[in-house]
Amino acid sequence: MAGTGKAHLRGEGAVLTVEDLTVEFPVGGGRKVHAVSGISIDLMPGETLGIVGESGCGKSTTGRAILQLPRPTSGSVVLDGVDLTKLNDADMREQRTDIQMIFQDPISSLNPRRRIKDVVAEPLRVWGPKDKDEQYKIVRETLEAVGLDADLVGERRPHEFSGGQCQRISIARALVLNPKVIICDEPVSALDVSVQAQILNLLEDLKKKYGITLIFIAHDLAVVKNVSDRVAVMYLGKMCEVATSEDLYAKPAHPYTKLLLGSVPVADPTQAPDTNAELSGDLPSPTAPPSGCRFRTRCPIATDRCAQEEPQLQEVAVGHYVACHYPQQ
Amino acid sequence: MNTSLPDTPLLEVENLSTTFMTPRGPLTAVNGVNLTLQKGQTYGLVGESGSGKTVFSRSMLQLNVSSNVQTTGSVKFQGEELLTKTRKEMQSIWGKEISMVFQDPMTSLNPVMKVGTQVIEHIRHHLGLGKKEARELGIELLRSVQIPEPEARMDVYPHECSGGMRQRICIAIALACGSKLLIADEPTTALDVTVQHQILNLLDFQRRDRDMSMVLVTHDLGVIAGRADHVAVMYAGRLVEVADTKTLFAAPKMPYTEALLRSIPRMDQPAHTRLLSISGRPPDLANPPKGCAFAPRCAYAQEQCENEQPPITTHADGSQSACWIPLGTPASRDALQKNLSAGRPQTLAMHNVASTTSEVK
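Chains as they are written, first to last, in full-length UniProt numbering: chain Z, 1 to 329; chain V, 1 to 361.
Honestly, the hints are just simulated from the structure, not real lab data. Just so it is clear, the structure is predicted and the values come from calculations on it, not from any experiment. For each residue, glycine too, the CB sits at the ideal point set by N, CA and C. Keep in mind that the hints are not guaranteed to be accurate.
[Said to hold, decoys possible] Chain Z side only, calculated, beta carbon under 10 Å to chain V, not exhaustive: (1) 164; (2) 231; (3) 273.
[Claimed, not checked] Listing some non-contacts, in silico: residues in chain Z with all C-beta distances to chain V over 10 Å: (4) 4; (5) 109; (6) 137; (7) 159; (8) 289; (9) 320.
Use the sequences and the hints to build the structure in full.
Right, dumping it as structure tokens:
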């Protein structure tokens, strides 16, 4: 994997187009962490793109770099015709109303000292209607939309709520400005399965109701399949494979995707775990990523070619793109 | 240890309860748990956060030592009562007869001691070996948990190892003295899915190889399905269902188990499959409901469920459950119909009749 390329971009009609996004962090001694290296993605209106990968693969950094938090080292992020990387800070703040984020830890992402109605009203104070009553009317509607009783929760503070409820509040806050795109960074990883199902269903309902486009970043492959139309697999800052969720899970073509899928425990006792599909070795250091294909050091089918030549994303089936010299069938 | 009769269970837990004295009053985190583990078995203990699964596994080993904890009941290991043992007596059991692997591999290793020192210390304490022999055995153990270059790894600090490597070291320490029982408390929750797969394979292999029994505590039904022969489901401090794994997944008897199984997203379902959600959240254990603790969230609950605690009963297929209206009976179908026509919100949420987004208070 570890490939670059833009063959999978669909061009016309995309809400968000990210091209060659690169994020590097200096770590002293002239070395750099190559967190994200040349990621390209696009999103059609109303679509959900899932981004999966293990910890350290750069999926969260990609999400944040799209929001220009921090600004990417290079590459372009075009939202509705505007390149966010070219905007100055003041213009970027204004554009950010169209693109919101939901974080992993629902409790620490809310200010513990503020009342819920003020937490949710904050974005409106800056960018919404000037009239306070108007603001609270929108807050009330949004809280109801995420399944919370505005009268009961509005005056309370975050510590009085469970993780699932706090995540609902974070979703309300992201929705309140009516954004075009919401980036969800591991929104359900901190929740129990019963609450996780509530939040996943809620996101699906809201998508239908408000027509929002989602980027759903998660490490749980089953969760990603459940919410996504299209799924991108990342490894060490590069893209391995992009396909519709049905295709990706049914016919993974990249060796890494195959191993990843083989590792997921299946809640079915009649299916014995596959003890052969084991990923060997450790993740290479992102300060000195391997040459060529970044997955080659752990890939069961790697050859010399993989060390010399970086694979580009190529179409192996309709809408199914893989960055591998030897895609599996 | 005493030589025990061949038919004595390895571990026999009877009516184990653990109560914490909190400023809000007594909080019973584990409530009357019974469990019997035979030699060679792997028991999966599942439950959501706060269900008492960790407190239960720590209570068995008297690891909840603190002035505000009260543990009652009986825990017999190879026929010997553990709860009446002193701390000193327990020290010869911890890590030697019964070992434990914890969730967070970073905090369960000492950050300022070299890996080798920690492994050797444990071996010397329990087996009384000399420095040199202990080191050799330590290297052998690290090799057996598939750590590459074990000699070199003995001289590094925990922070120099990855999460998966640290968990392997913890497992090596747990295996060191030939324990008969391994309690693994969420051993892979902090790890990536590929590393989780490796660690679970390793635990499985070592368990068979060393003829150990294992209690695998987890919140992940997927992990349980592939690795345990028996499953115990915990909810609000009680065991609500105990069955062999195949029976539990194919025909759960307790509505909570059914709801758990149906609320997890599965890779074999098409995308955008609507998940069944359990409305509400677990009860406050300092102020538990009068009847069945799951009744306020249950799709099948009737008046009796709200008022009386169901006892644990054994079914024809050998499984046990604590439920007044076990699933698969005509009574449970009637209860469901009755709740559906009455418009009970919990039932509607389970069956996707109405919008599942509203949270039941």
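**Item:** Beyond 10 Å from every chain V Cβ - status for residue 159/Z
**Value:** For residue 159/Z, whose nearest Cβ neighbour in chain V is about 15 Å away, the distance exceeds 10 Å, so it holds.
**Item:** Non-interface claim for residue 137/Z versus chain V (Cβ beyond 10 Å)
**Value:** The claim stands: residue 137/Z keeps its Cβ more than 10 Å from every Cβ of chain V (closest is about 20 Å).
**Outside-interface status for residue 289/Z - nearest CB in chain V farther than 10 Å** = holds, 16 Å
**Message:** A cut-off of 10 Å on Cβ-Cβ distance, and residue 109/Z was said to be off the interface with chain V. Does that hold?
**Reply:** holds, 19 Å
**Prompt:** Do the numbers back the hint for residue 273/Z, that is, is its least Cβ distance to chain V under 10 Å?
**Reply:** Since the shortest Cβ distance to chain V is 4 Å, the answer is holds.
**Per-residue hint verdict: residue 231/Z, partner chain V, C-beta under 10 Å** = holds, 9 Å
**Item:** Given hint residue 164/Z near chain V, where the shortest CB pair must fall under 10 Å
**Value:** At 7 Å from the nearest chain V Cβ, residue 164/Z passes the 10 Å test, so the hint holds.
**Asked** So is residue 4/Z really clear of chain V, every C-beta pair being over 10 Å apart?
**Response** Since the minimum Cβ distance to chain V is about 23 Å, residue 4/Z lies beyond 10 Å and the statement holds.
**Item:** Beyond 10 Å from every chain V Cβ - status for residue 320/Z
**Value:** holds, 15 Å
Checked against the numbered hints given earlier, this structure breaks none of them.
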